[in-house]
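K.L.:
Position chain B against the provided structure of chain A, taking the given hints into account.
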Amino acid sequence: MTPLERWNPTVKLAVVLVLSTAALLVTDPVTPALCYVLTLGALLVLGRVPVRTAALAHVPFLVFGTSLLVVNVVTRPGGEQVPLGPFTVGADGLALGLCLALRTLFVGMLSVTLVLTTEPVRLMTSLHQHARLPASWTFAVLAAHRLLTELPEVWHTVRCAQAVRDPRRRRGHLPRSPRALATAAFALLVGAIRRAERIAVALESRGLGSGPRTTARPVPLARGDVVAAVVVLALAGAVVVAGAYGGWLTGIGRLTA
Amino acid sequence: MADAVRARGLTVDVGHDRTAVLDDVGFVVPAGSSLLVVGPSGCGKSTLLRVLVGVVPQTLPGVVAGEVSVVGQDPREVPVPRLAASVGLVQQSPGDQLCLGVVEDELRFALENRGADVAGMDERADRALRAVGATHLADRATHELSGGEAQRVALAAALVTDPDLLVLDEPTSLLDPAGAREVGGLVTTLVGPVPGPAPGEVAARSVVVVEHRLDELGRLPDATLVLDHAGRVLAHGPTAAVLRAHCDALLDLGCRLPLDVHLEAAGAPGPLEDPRTDDWLVARAAGRPGAPHSPVRVPCTGPAGTPTTPSATALTARGLTVHRRGEAVVHDVDLDLEPGVLVAVVGPNGGGKSTLLRGLAGLERTTGSVTTRTDVPVTMVFQNPEHQLLARTVRDEVAWSVRLAGLDAPAERVERTLAELGLTAHADASPYRLSGGQQRRLSLATATVLDPGVLLADEPTFGLDGAQTRATAAVLRGLADVGTAVGLVTHDLMLVAQVADRVAVVVGGRVVAEGEVAQVLSDDGLCARARLARPPLLDWWVRTGRARGVGVRALGTVLDRELDGTGARGPTGGPGRARAHADASGTS
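The listed protein sequences derive, respectively, from chains A and B.
Counting in UniProt numbering, the first sequence runs from 1 upward without gaps.
Counting in UniProt numbering, the second sequence runs from 1 upward without gaps.
Heads up, a few of these hints could be off.
[Claimed, not checked] With beta-carbon atoms standing in for the labels, derived distance ranges:
#1 A:P218 x B:D126: 14 to 22 Å
#2 B:A138 x A:E153: 21 to 29 Å
#3 A:R254 x B:R82: 17 to 25 Å
#4 B:E144 x A:V241: 45 to 53 Å
#5 B:E144 x A:T2: 20 to 28 Å
#6 A:F186 x B:P275: 53 to 61 Å
Simulated from the structure, these hints should not be mistaken for lab results.
Quick reminder that beta carbons are idealized off the backbone N, C-alpha and C, glycines included.
Next up, chain A with everything else stripped away, as it sits in the complex (with noise of 0.2 Å):
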């Protein structure tokens, strides 16, 4: 296990929404670039995820992002004029873009490395174990869990299915149409209600919720899963003290200035 696979869930957990939460409070674009360096550093290096894997969760928040960014360069014209290429854009507009742009990458990032170090099981049985939730709560998210990495394909076969009941369609295309769409999803809820229900009856089945339980595989919390928290905000508590001093730092009181 790497070492960011083998910090106790919980912990890691609570450290991200710590950190997104922070974020939400930022408004330069520096501070969330140089914490995302670092997270993405940390994604590479210690959780020892491959770089391709890392760049393509980038995708959709390179996507967000962008969007972001435009967005706030169109609709906040004022500050100074900077000269973007064929056009001028404000600098206010462009700064709070890019804040909003690198934010989203940041957050981004740490959901990815919550999920791509976290096996789900420990995470749930660590949240259990640690933060108090109800057995019955954290293993039917487990079971959700199962339910949802076969949807994909269940949805693949609800499009296929009501596709072929179209005598005019042309080969190797499935419709797009909002309407076509819409009525493979309700196939696909109806589906899904069903075999929820199965596995509701399965988990109760299994004794789920009968009564005090215990743990196999019990999630380890030691000194130093505390201790790795507290050095990564610490971390982050020097990135903005550094923002301060080096006069770059901008709080929420930006947005109504």
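P.N.:
Positioned in the frame of chain A, the structure of chain B alone reads:
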């Protein structure tokens, strides 16, 4: 020791609308014995099991009246998870009852929930896996298991806590032939002594099982309970006696019989290995449809009765490769579907049969060529009829494709199809409200209403009982007989023998053999390679019947009673059997 199950005057309504399901059901399962529950689809077998484990009325809505006690506890009062300490449940669908990602976790999960001692857990999990021959699966991911493997793991997860009663709801119904035999053979081995609560004490485990595929159960349970359409007890007693005494009633209900009972009921002079039975079967097969065997090509007429030339294939695939998620799943397939010919596609689970069908229907990304006669649409029915539903009523559902295709006289066409498939009475119902058998007929109706040139069917008899399977087989054969080219993916080799003209065997995404039904099914090496476990009657045909001129298609009807008037009766039917047949002819 308390009986495993005692029920008296058990009457059950389920759902928010209080549908009556079971009516005055009474039976006892003594500790250490096994009970088989049989009956037509929708008779309440599954509901009975759900009452035994407390799921009805505790988890799912329902009203349970009468007396019922399971291992000395009232399943209406004791919470389901607590009752689960003494009652293990295995459901039908292998995919929906494994809750966790890894097999070992799944087994430990059941023990953890009961607060079992952590120290002995791994050993108990091991023992349960060993009992079902699945030790090699311990560290596998549950979503990668085949149906048969998943079902064995589900059995182990039910066994791991050493329950006094094991409740099995059609554990083999969704498995391929080899998988069904693996799991079915285990069922009655699970009855017997289990470690009791105190060290050294031994309790006796009981089993209650609902199952259609009786030939796949290694040994039949001790007692049998037969339910009729109304959810009443038709018979209850020792299995051999009940099956023999009520064989006609069981066949009328659409239930399957184990082959030896079925032979006896049909008047065979002895069991299958008996030379006299050979003679009797051969004589009886003569004069049945499909005999003497010849590779007949059905005279071809196109859809709507227009004559076509026999050489014109309805669909031709050349070098067809089908891709899923950027990977080739089906490789380089050459296949012709000809008008009037039914081609069965068989092979192991996960071999690419369904993907091949979707490739032929033009639903997946393919390379190579698929050419169809342009005037006829390729239709396809999927394994799960609910996946294909698009409309709010049964009638609209059938009319859907007709409207899109812009066919003449749409209303007439729709009404005719509804009548042909026995759906007229349900025409205004919601498709989601139909029973499994009705939904299957609806999915067939949505295809047949177009008079399709090509029909592809993906396991259309999946989860159906005997009567519904026969009805579906008749529709498919009927379509082929009026000139439709039919491609049928199935695991049911008796169905193949009964309706198919040709067989294509798909293993590992390739068509490894294609030929006449008789030739393919009698190839032992090929059958082993493609995990085609032949049912006993088909096996008899390969060893004996074939050489004596019995047509493979005759196997499907050789034991049917309706054709007894044809003079092919064996000479040795005893007086008791003569009476049974008199009864049968009275009811059929």
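K.L.:
Against this structure, judge whether each hint is valid.
P.N.:
Consistency of the hints with the structure:
no. : hint                        : in the structure
1   : A:P218 x B:D126: 14 to 22 Å : 20 Å, holds
2   : B:A138 x A:E153: 21 to 29 Å : 25 Å, holds
3   : A:R254 x B:R82: 17 to 25 Å  : 59 Å, violated
4   : B:E144 x A:V241: 45 to 53 Å : 49 Å, holds
5   : B:E144 x A:T2: 20 to 28 Å   : 24 Å, holds
6   : A:F186 x B:P275: 53 to 61 Å : 59 Å, holds
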